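Please construct the entire structure, taking both the sequences and the accompanying hints into account.
Its first residue numbered 1, the sequence shown is counted upward by one per residue in our numbering.
Don't read these hints as lab results, they were simulated from the structure. Here the structure is a predicted model, which is why all the values come from computation and not from measurement. It is possible that some hints are incorrect.
Claimed, not checked - Dumping the calculated SDA-like pairs for lysine to any residue here, alpha-carbon to alpha-carbon at most 20 angstroms:
{"id": "1", "residue 1": "Lys231", "residue 2": "Ala94"}
{"id": "2", "residue 1": "Lys231", "residue 2": "Leu287"}
{"id": "3", "residue 1": "Lys292", "residue 2": "Ala108"}
{"id": "4", "residue 1": "Lys260", "residue 2": "Glu246"}
{"id": "5", "residue 1": "Lys231", "residue 2": "Glu132"}
{"id": "6", "residue 1": "Lys231", "residue 2": "Gly269"}
{"id": "7", "residue 1": "Lys292", "residue 2": "Arg128"}
{"id": "8", "residue 1": "Lys168", "residue 2": "Glu132"}
{"id": "9", "residue 1": "Lys168", "residue 2": "Thr267"}
{"id": "10", "residue 1": "Lys260", "residue 2": "Leu287"}
{"id": "11", "residue 1": "Lys231", "residue 2": "Arg68"}
{"id": "12", "residue 1": "Lys165", "residue 2": "Asp154"}
{"id": "13", "residue 1": "Lys165", "residue 2": "Arg128"}
{"id": "14", "residue 1": "Lys260", "residue 2": "Asp282"}
{"id": "15", "residue 1": "Lys292", "residue 2": "Leu63"}
{"id": "16", "residue 1": "Lys168", "residue 2": "Arg142"}
{"id": "17", "residue 1": "Lys292", "residue 2": "Lys231"}
{"id": "18", "residue 1": "Lys292", "residue 2": "Gly269"}
{"id": "19", "residue 1": "Lys292", "residue 2": "Arg274"}
{"id": "20", "residue 1": "Lys292", "residue 2": "His248"}
{"id": "21", "residue 1": "Lys231", "residue 2": "Gln278"}
{"id": "22", "residue 1": "Lys231", "residue 2": "Ala243"}
{"id": "23", "residue 1": "Lys260", "residue 2": "Tyr277"}
{"id": "24", "residue 1": "Lys165", "residue 2": "His127"}
{"id": "25", "residue 1": "Lys260", "residue 2": "Ile250"}
{"id": "26", "residue 1": "Lys292", "residue 2": "Arg142"}
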Amino acid sequence: MTQPDLSSATLDLLTRIAGALERLAPPAVPTPDFEAADAFVWHTDPIRFEPVPRVNRVEMDLLQGIDRVRDQLVENTERFAHGLPANNALLWGARGMGKSSLVKASHAAINRSLADDGARLKLVEIHREDIETLPALMGLVRGSHHRFIVFCDDLSFDSDDTSYKSLKAVLEGGIEGRPDNVIFYATSNRRHLLPRDMMDNERSTAINPGEAVEEKVSLSDRFGLWLGFHKCSQDEYLAMVAAYVEHHGIPATEEEWRPKALEWATTRGARSGRTAYQFVQDLAGRLGVALKAA
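Dropping the structure here:
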């Protein structure tokens, strides 16, 4: 049976329909080049791993007053880097006490100890608003011979946000589960990642209040390692300032900078590693000293 000839108008219409369908289809995701850097930022529009040639971080020995949690995170990360069992980690607590700095410092310190010809430890930062794309991210790194710390800074969820359910499934509860070469680190000011009023509201409106709150709290349980960061004492704050002053070679004696550092913290109503670094930036600027790059 002979096929009828298609008119040029019909062919033109079919061509335009095919072109429109191609434009509607999502673009192919390029194969990531994980050799380009040791750190990346995950972007979703379009999906890609953006290499970070130079990570904004501080040296490990400048992180004062957090010795216990520092040792725990480094040990956990070191086990993971060598292919041994390790836990997802939640670093929670006071602002400015070095939570994200510790993650980045641990990554750098352990990479320095790894053989140059072997698999590297890669740090991938994912933004809070992109948490729902974690399955896509993990799918792209699953087959790599490198190992990956997926890191989310300042992770928390609002009362109308349900993306925490995606995070729960990806961390432990999904069918595929977390790839063996991926670990998830997050920092938060909240121990349970959810606001107290959200949990209280669930308790007051749910048919079974205990089960409703338990579902919210179980998100934190997906993190096997909880590391608490608390406000520092005056002595710890001054030790932080002293470490920065020495590291950057700032020509000021303790008798000169100590009263200024205390006044700086008092005017801001807080003592923390961030406050100490901000004071040192001001001190260095006044004395015409450039701070060393990490």
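Results for each hint:
Annotation: proposed proximity of Lys231 to Ala94 holds, straight-line Cα distance about 6 angstroms (limit 20 angstroms). The suggested pairing of Lys231 with Leu287 is violated, with an alpha-carbon distance near 29 angstroms, which exceeds 20 angstroms. Proximity of Lys292 to Ala108 is assessed by CA-CA distance (about 17 angstroms); at most 20 angstroms being required, the pair is judged to hold. As the CA atoms of Lys260 and Glu246 are separated by approximately 16 angstroms, the hinted pair is consistent with the 20 angstroms bound.
Taking the CA atoms of Lys231 and Glu132, the gap is about 32 angstroms. The hint is violated against a cut of 20 angstroms. The hinted pair formed by Lys231 and Gly269 meets the criterion: a straight-line CA distance of about 12 angstroms does not exceed 20 angstroms. For the hint linking Lys292 to Arg128, the alpha-carbon distance of about 30 angstroms lies beyond 20 angstroms, and the restraint is violated. Restraint check: the Cα-Cα separation between Lys168 and Glu132 comes to about 11 angstroms, which is no more than 20 angstroms; the hinted pair holds.
The straight-line distance between the Cα atoms of Lys168 and Thr267 is roughly 41 angstroms, outside the 20 angstroms bound, and the hint therefore fails. Taking the CA atoms of Lys260 and Leu287, the gap is about 14 angstroms. The hint holds against a cut of 20 angstroms. Of the pairs offered as hints, the one joining Lys231 and Arg68 holds, with about 14 angstroms between alpha carbons and a cut-off of 20 angstroms not exceeded. Taken as a hint, the Lys165 and Asp154 pair is honoured in the structure, with Cα atoms around 17 angstroms apart against an allowance of 20 angstroms.
Note on Lys165 and Arg128: the hinted pairing holds, with a Cα-Cα distance of about 14 angstroms set against a maximum of 20 angstroms. Taking the CA atoms of Lys260 and Asp282, the gap is near 10 angstroms; set against the 20 angstroms cutoff, the hint holds. Distance check on the hinted pair: Lys292 and Leu63 sit about 16 angstroms apart at the alpha-carbon level, within 20 angstroms; holds. For the given pair, Lys168 sits about 18 angstroms from Arg142 by alpha-carbon distance, which is consistent with the 20 angstroms threshold.
At most 20 angstroms may separate the alpha-carbon atoms for a hinted pair to count; Lys292 and Lys231 exceed this at roughly 27 angstroms. Taking the CA atoms of Lys292 and Gly269, the gap is about 28 angstroms. The hint is violated against a cut of 20 angstroms. Taking the CA atoms of Lys292 and Arg274, the gap is near 17 angstroms; set against the 20 angstroms cutoff, the hint holds. Taking the CA atoms of Lys292 and His248, the gap is near 6 angstroms; set against the 20 angstroms cutoff, the hint holds.
Pair hint Lys231 plus Gln278 holds up; C-alpha atoms about 16 angstroms apart against a cutoff of 20 angstroms. A distance of roughly 18 angstroms separates the Cα atoms of Lys231 and Ala243; the hinted pair therefore holds under the 20 angstroms criterion. Taking the CA atoms of Lys260 and Tyr277, the gap is near 13 angstroms; set against the 20 angstroms cutoff, the hint holds. Our distance criterion of 20 angstroms between C-alpha atoms is met by Lys165 and His127, whose separation comes to about 16 angstroms.
Under the criterion of a C-alpha separation no larger than 20 angstroms, the hint pairing Lys260 with Ile250 is consistent with the structure, at around 14 angstroms. For the hint linking Lys292 to Arg142, the alpha-carbon distance of about 37 angstroms lies beyond 20 angstroms, and the restraint is violated.
Comparing the model with each earlier hint shows violations of hints 2, 5, 7, 9, 17, 18, 26; every other hint is respected.
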